[in-house]
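These protein sequence lines are chains W and C, in that order.
Take 702 as the starting number for the first sequence in my numbering and just add one per residue.
Take 702 as the starting number for the second sequence in my numbering and just add one per residue.
No wet-lab data here; the hints were simulated from the structure.
All C-beta atoms, glycine included, are put in the ideal place defined by N, C-alpha and C.
Hints may be right or wrong, so weigh each one.
Unchecked claim - With a straight-line cut-off of 20 Å between C-alpha atoms, the simulated SDA-like cross-links for lysine to any residue are:
1) C:Lys781 - W:Arg791
2) C:Lys771 - W:Glu818
3) W:Lys781 - C:Glu819
4) W:Lys781 - C:Lys808
5) C:Lys808 - W:Ile810
6) W:Lys807 - C:Glu819
7) C:Lys781 - W:Gly790
8) C:Lys804 - W:Arg822
9) W:Lys771 - C:Arg786
10) C:Lys781 - W:Arg822
11) W:Lys781 - W:Glu706
12) C:Lys804 - W:Leu784
13) W:Lys807 - C:Lys771
14) C:Lys808 - W:Val797
15) C:Lys804 - W:Arg786
16) C:Lys771 - W:Glu706
17) C:Lys771 - W:Ile810
18) C:Lys781 - W:His777
19) C:Lys808 - W:Glu823
20) C:Lys781 - C:Ile770
21) W:Lys807 - C:Lys752
22) W:Lys807 - C:Ser793
23) W:Lys807 - C:Asp785
24) C:Lys771 - W:Ser800
25) W:Lys804 - C:Asp785
26) C:Lys751 - C:Asp785
27) W:Lys781 - C:Thr744
28) C:Lys752 - C:Ala773
29) W:Lys804 - C:Val797
30) W:Lys807 - C:His798
31) C:Lys804 - C:Arg814
32) C:Lys751 - C:Ser709
33) C:Lys781 - W:Ser709
34) W:Lys808 - C:Leu820
35) W:Lys808 - C:Phe799
36) W:Lys808 - C:Thr720
37) C:Lys771 - C:Asp821
Stated by the list, open to error - Covered by chain W, according to a simulated footprint, are these stretches of chain C (three or more residues, beta-carbon under 8 Å):
38) 776 to 787
39) 795 to 804
Protein chains: 2
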Amino acid sequence: MRISEAESHVMEVLWRRHTPQSAEDVCVALAGQQDWQEATVKTLLNRLLKKRAIAAERDGRRYLYRPLIKRADYVHTESKSLLDRLYGGRVSALVVHFSQRMKLTKKDIAELRALMEELDRER
Amino acid sequence: MRISEAESHVMEVLWRRHTPQSAEDVCVALAGQQDWQEATVKTLLNRLLKKRAIAAERDGRRYLYRPLIKRADYVHTESKSLLDRLYGGRVSALVVHFSQRMKLTKKDIAELRALMEELDRER
DNA sequence: CAGGATGGTTTACAGACGTAATCATAAGGC
DNA sequence: GCCTTATGATTACGTCTGTAAACCATCCTG
Chain W
702 MRISEAESHV MEVLWRRHTP QSAEDVCVAL AGQQDWQEAT VKTLLNRLLK KRAIAAERDG
762 RRYLYRPLIK RADYVHTESK SLLDRLYGGR VSALVVHFSQ RMKLTKKDIA ELRALMEELD
822 RER
Chain C
702 MRISEAESHV MEVLWRRHTP QSAEDVCVAL AGQQDWQEAT VKTLLNRLLK KRAIAAERDG
762 RRYLYRPLIK RADYVHTESK SLLDRLYGGR VSALVVHFSQ RMKLTKKDIA ELRALMEELD
822 RER
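Please model the complete structure; the sequences and the hints are all you need to start from.
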């Protein structure tokens, strides 16, 4: 069950807010960023419903939507697929790539170092 | 200029072999892995041509194809886009994610550590 | 009660994608 | 020279995507 690019923007809104959101809430949250008509958002919500990526519960004359799949799971399948396709599944290859192409930020480096130490301690 | 999933398999073949390949070469290289008819591969080659992702030079009655875009560039745009969409552009966030979901391999850890040291030395 | 506002449901439609079959053409074999 | 064969070019076609408009039910408001 694939979530498309456009759909993912809707999912991100639902993930960010932790309470169920109406279609209009989603529109508002996306305004300025996606510049979609309300109709578009409604289409996306319906497609996500059909895919069972989200659920809707009635609230008076409207619905409130909430995610059924966890962001972490989504992030993982996307990330793992890229890692496998482009880096032969090697995390370090990916980091090396970024360190060459982009210059890691100081923060990135500090955090990576901390992570390394933590992994040491776990051993 | 987006390279689709199917197209990327063709590109990978052209990137792997460093000399221009005929349509049939590509078919052979993909056999067993993609199980496509020759017609399918030719369609993909043509779409890649149209997108100017590859070039073709005549070789008698056939063409030899070679990539116009560099794999590293492709890898980078794909990776960067994922990093931005899902990790707020933070490389360390991505690594943390993998370290939690997948257990990094010893090799990954060793290489990351080496990379960290190298970054230190560069400073 | 009629008409606009509000929110959901259905339909639309062009372009990308995956996957090919068919058509055309040139070249080599008989 | 004609027929088969290899190859590229054209056409096909269903599905998915992005982006909505049109339609429909309902509720509030004057």
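Verification of the hints:
For a cut-off of 20 Å, the pair hint linking C:Lys781 to W:Arg791 stands: about 16 Å separates their Cα positions. Restraint check for C:Lys771 and W:Glu818: not satisfied, since their Cα atoms lie roughly 36 Å apart, outside the 20 Å limit. A C-alpha spacing of about 26 Å is found between W:Lys781 and C:Glu819, which places the hinted pair above 20 Å, so the restraint is violated. Using a Cα cut-off of 20 Å, the hinted pair W:Lys781 and C:Lys808 holds, with the two alpha carbons roughly 17 Å apart.
A threshold of 20 Å between alpha carbons decides the hint, and for C:Lys808 with W:Ile810 the separation of about 19 Å falls inside it, so the pair holds. Between W:Lys807 and C:Glu819 the CA atoms are separated by roughly 14 Å; this keeps the pair inside 20 Å, and the hint holds. Between C:Lys781 and W:Gly790 the CA atoms are separated by roughly 17 Å; this keeps the pair inside 20 Å, and the hint holds. Distance hint between C:Lys804 and W:Arg822 is fulfilled; the C-alpha atoms sit about 14 Å from each other, no more than 20 Å.
Restraint check for W:Lys771 and C:Arg786: the C-alpha separation of about 16 Å stays at or below 20 Å, so the hint holds. A distance of roughly 31 Å separates the Cα atoms of C:Lys781 and W:Arg822; the hinted pair therefore is violated under the 20 Å criterion. Of the supplied pair hints, the one linking W:Lys781 and W:Glu706 holds, its CA atoms being roughly 17 Å apart against a limit of 20 Å. Taken as a hint, the C:Lys804 and W:Leu784 pair is honoured in the structure, with Cα atoms around 14 Å apart against an allowance of 20 Å.
Restraint check: the Cα-Cα separation between W:Lys807 and C:Lys771 comes to about 29 Å, which exceeds 20 Å; the hinted pair is violated. With a CA separation close to 13 Å, the supplied pair C:Lys808 and W:Val797 stays within the 20 Å bound. A C-alpha spacing of about 19 Å is found between C:Lys804 and W:Arg786, which places the hinted pair at or below 20 Å, so the restraint holds. In summary, the hint linking C:Lys771 to W:Glu706 is not supported, as the alpha carbons are separated by about 25 Å, beyond the 20 Å threshold.
About 28 Å separates the Cα atoms of C:Lys771 and W:Ile810, which puts this hinted pair outside 20 Å; it is violated. Note on C:Lys781 and W:His777: the hinted pairing holds, with a Cα-Cα distance of about 16 Å set against a maximum of 20 Å. Straight-line distance between C-alpha atoms of C:Lys808 and W:Glu823 comes to about 16 Å, which keeps the hinted pair within the 20 Å bound. For the given pair, C:Lys781 sits about 17 Å from C:Ile770 by alpha-carbon distance, which is consistent with the 20 Å threshold.
Taking the CA atoms of W:Lys807 and C:Lys752, the gap is about 38 Å. The hint is violated against a cut of 20 Å. Pair hint W:Lys807 plus C:Ser793 holds up; C-alpha atoms about 10 Å apart against a cutoff of 20 Å. Between the alpha carbons of W:Lys807 and C:Asp785 the distance comes to roughly 17 Å, so the proposed pair stays at or under 20 Å and holds. With a C-alpha separation of about 18 Å, the suggested pair C:Lys771 and W:Ser800 falls inside the 20 Å cut-off, and the hint holds.
Using a Cα cut-off of 20 Å, the hinted pair W:Lys804 and C:Asp785 holds, with the two alpha carbons roughly 15 Å apart. Annotation: proposed proximity of C:Lys751 to C:Asp785 is violated, straight-line Cα distance about 29 Å (limit 20 Å). With a C-alpha separation of about 29 Å, the suggested pair W:Lys781 and C:Thr744 falls outside the 20 Å cut-off, and the hint is violated. Distance check on the hinted pair: C:Lys752 and C:Ala773 sit about 18 Å apart at the alpha-carbon level, within 20 Å; holds.
A C-alpha spacing of about 18 Å is found between W:Lys804 and C:Val797, which places the hinted pair at or below 20 Å, so the restraint holds. Restraint check for W:Lys807 and C:His798: the C-alpha separation of about 19 Å stays at or below 20 Å, so the hint holds. For the given pair, C:Lys804 sits about 15 Å from C:Arg814 by alpha-carbon distance, which is consistent with the 20 Å threshold. Annotation: proposed proximity of C:Lys751 to C:Ser709 holds, straight-line Cα distance about 15 Å (limit 20 Å).
Restraint check for C:Lys781 and W:Ser709: satisfied, since their Cα atoms lie roughly 17 Å apart, inside the 20 Å limit. For the suggested pair W:Lys808 and C:Leu820, the alpha carbons sit about 13 Å apart, so the restraint of at most 20 Å is met. With a CA separation close to 18 Å, the supplied pair W:Lys808 and C:Phe799 stays within the 20 Å bound. As the CA atoms of W:Lys808 and C:Thr720 are separated by approximately 42 Å, the hinted pair breaks the 20 Å bound.
Straight-line distance between C-alpha atoms of C:Lys771 and C:Asp821 comes to about 30 Å, which puts the hinted pair past the 20 Å bound. Note: the stretch 776 to 787 of chain C has 9 residues with beta-carbon separation from chain W under 8 Å; the three-residue rule is met and the coverage holds. With 8 residues bearing a CB less than 8 Å from a CB of chain W, the stretch 795 to 804 of chain C meets the requirement of three and the coverage assertion stands.
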